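Could you put the whole structure together from the sequences, leaning on the hints where they help?
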Amino acid sequence: MCMQRNIKAVLLFLIIAIGCMKASAQDAKAIVKKSYDLMRGTSSYSEATMAIIRPKYTRTLQFKSWSKGTDYSLVYVMSPAKDKGQVSLKRDNEMWNWMPSIRRMIKIPPSMMNQSWMGSDLTNDDIVKESSIVDDYDHKIIGEESVGGEDCWEIELVPHEDAAVVWGKIVSMISKKNGYTLQNKYYDEDEELVNSESMSKVKKVGDRTIPTFYEVIPADKPGQKTTMSMDVIRFGEKLNDNFFSIQNAKRVR
Amino acid sequence: MIGILILCLTSVSAQDKKCQMSGYVKNMEGVFFLGSSMEEQLGTNMMDYNLTHQRLNFDYFFTSDLLFTVQMRNRFYVGGMVRDIPFFADYTAYDNGKVDMSWNIATGDNWFLNTNIDRLYIDYTYQSWNLTVGRQRINWGINFVWNPNDLFNTYNYLDFDYEERPGADAVKLTRYFGYTASLEVAYKMADEMIYRTFAASYRFNLKGYDIQIIGGWKGYDLVLGTGWTGNIKGAGFRGEMSYFHPMTGYKDDSKEALVTSLSLDYTFPKGLYLQTSFLFNSLGTTGDIDQENLLYVDANLSAKNLSLGKYEGFVQASYQLSPITYISGSVITNLSDGSGYCGPSVTFSILDNLDLMTMGQVFWGKSLSEYGNQPNSAYIRLKYSF
Chain X
39 MCMQRNIKAV LLFLIIAIGC MKASAQDAKA IVKKSYDLMR GTSSYSEATM
89 AIIRPKYTRT LQFKSWSKGT DYSLVYVMSP AKDKGQVSLK RDNEMWNWMP
139 SIRRMIKIPP SMMNQSWMGS DLTNDDIVKE SSIVDDYDHK IIGEESVGGE
189 DCWEIELVPH EDAAVVWGKI VSMISKKNGY TLQNKYYDED EELVNSESMS
239 KVKKVGDRTI PTFYEVIPAD KPGQKTTMSM DVIRFGEKLN DNFFSIQNAK
289 RVR
Chain G
647 MIGILILCLT SVSAQDKKCQ MSGYVKNMEG VFFLGSSMEE QLGTNMMDYN
697 LTHQRLNFDY FFTSDLLFTV QMRNRFYVGG MVRDIPFFAD YTAYDNGKVD
747 MSWNIATGDN WFLNTNIDRL YIDYTYQSWN LTVGRQRINW GINFVWNPND
797 LFNTYNYLDF DYEERPGADA VKLTRYFGYT ASLEVAYKMA DEMIYRTFAA
847 SYRFNLKGYD IQIIGGWKGY DLVLGTGWTG NIKGAGFRGE MSYFHPMTGY
897 KDDSKEALVT SLSLDYTFPK GLYLQTSFLF NSLGTTGDID QENLLYVDAN
947 LSAKNLSLGK YEGFVQASYQ LSPITYISGS VITNLSDGSG YCGPSVTFSI
997 LDNLDLMTMG QVFWGKSLSE YGNQPNSAYI RLKYSF
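Chains as they are written, first to last, in the working numbering: chain X, 39 to 291; chain G, 647 to 1032.
Hints were generated in silico from the structure; no laboratory data involved. Don't take each hint at face value.
[Said to hold, decoys possible] Cross-link-like lysine-lysine pairs, in silico, BS3-like; alpha carbons within 30 Å at most:
no., chain 1, residue 1, chain 2, residue 2
1, X, K106, G, K956
2, X, K145, G, K879
3, X, K223, G, K916
4, G, K663, X, K241
5, X, K276, G, K663
6, X, K94, G, K672
7, X, K106, X, K263
8, X, K214, X, K288
9, G, K956, X, K288
10, X, K145, G, K818
11, X, K263, G, K916
12, X, K102, G, K663
13, X, K276, G, K664
14, X, K207, G, K879
15, G, K916, X, K145
16, X, K122, G, K672
17, X, K178, G, K853
18, X, K120, G, K672
19, G, K956, X, K145
20, X, K207, G, K916
21, X, K94, G, K916
22, G, K672, X, K102
23, G, K916, X, K120
24, X, K122, G, K818
25, G, K916, X, K122
26, G, K664, X, K102
27, G, K1012, X, K102
28, G, K744, X, K288
29, G, K663, X, K106
30, X, K106, G, K879
31, G, K916, X, K259
32, G, K818, X, K120
33, X, K242, G, K663
34, G, K672, X, K288
35, X, K71, X, K241
36, X, K122, G, K663
37, G, K853, X, K106
38, X, K178, X, K71
39, X, K120, G, K853
Since the structure is predicted, the reported quantities are computational estimates derived from the model, not experimental observations.
Put into structure tokens, the structure is as follows:
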């Protein structure tokens, strides 16, 4: 009798626990998706300044980019002068680079997505966001913490086995109240911390409020970091699919 | 040119973006180490030149669809090489376009100043149409070293300091279809028939491959070709093939030829980039190279005549050592006579707009080979871009 009651209690506990876990997994994914949509929008235009900071020097890059959903993006380099006018176009899984000085459109093979973009700490893949933080990962809420005075969900993202992702896992801090991400920690497959990314300078941009300054610090390289400041952002730009064409990649400025 | 400057200045003061100006100033020291045969002729085993090279690019947008572009380079050469090699200055002034736009505007005993306009065109876009008239670069090449599909403006890979590569005096009409397809027709003008080209290309994207089919006439030949770029297991796979057939009435002036180049490139996760390329040139030789021909390599360079050898190979490795240091090395070899070239280089960014590059060009091979008699050389170059 006592035994049966115990079993019932255990079963009830399991049902509730599983129900909770399921709800939490769904919530975690929804929270990540909300943050992603907030920062990216269905379509957007932005101008950004990137600084590559090393103990003895700093190099800066400025670029404009247009994006529509996750499938289309176009990036135009504004500076430094020697690279001005170079364009990267991404459509679905394909990517091209336009070199205006020699009038050549170079198709980028998948392996070249790993290559440093313009000599920066970011890769081609980071720039055109080939892999999706929403679809290529499993998400789980693992805690709650305060970041810069805002209460955040601590969410663990583990990539799907077949996903073309270099990270072993990512731990994100996402604001409970405002929905944006304030911190990402990137780990390799041995669970060693590789990069810490933090976001700040929260501003109202059009119809939303988001961080506009990103800082990436490699774990094992003291004095190094890469920062990106979003100087202009506009969401909901009306961009025709034709904007992301070979013809426009040669013309955009 | 002055008109453009005035247009630019007035538009800058009007605070609009109708005019764009860019360019660079470079200074390069080149040192050549001569072989024994040249040493006897010239009485020295070393020669040099110093090149100050200024480039100006102007774009003027009458409207967002109508663009006028002019780009020029001014080069000031000074050094023993200018004095001791009599044809050096004349060779630099040579322009094989329809309009001669390269001038040695001042010359001295061991120096000269050359001005060359290598882009001068009007570009008009109407919806999915584009028309470009004037001296322009028409780039049909796909590979990085040898381009059998580049029917209009072949470049010499070893001429590393000419970063923009030559243009062609031409009219080009392009019609775009959808997002990635296009049909292009172009006519390159020249006084001599051998330099004229009239050809069309159709480009499209199929299952992750960009493919082009080209056809037309070039010089005395009918040309048919194809090129593609795609990937095999993540590695870039690029190819170009062109077949040249002498037109009726020109069988004595020209020979049939097939030129093919294939290449593979791969970027490793840590950023190391490797590339290999192969060229087959049916008019090339597997035997001794007539050394007279070496003198005219640049003048005779065309899609039909990319090498003197029949089979050529290329390997390149490059690596971004840090955000400011880029290292690269490439090797070209004539696969029949074993002669070759090796070009190591290091590029160092001193400031955002200031770069220092050092480069070597080392050649090897026996006396009647393709690369064996070229002098080894070393360069150091400072470049300020604006």
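Indices of hints not satisfied (ascending): Hints 1, 8, 9, 17, 27, 39 not satisfied by this model.
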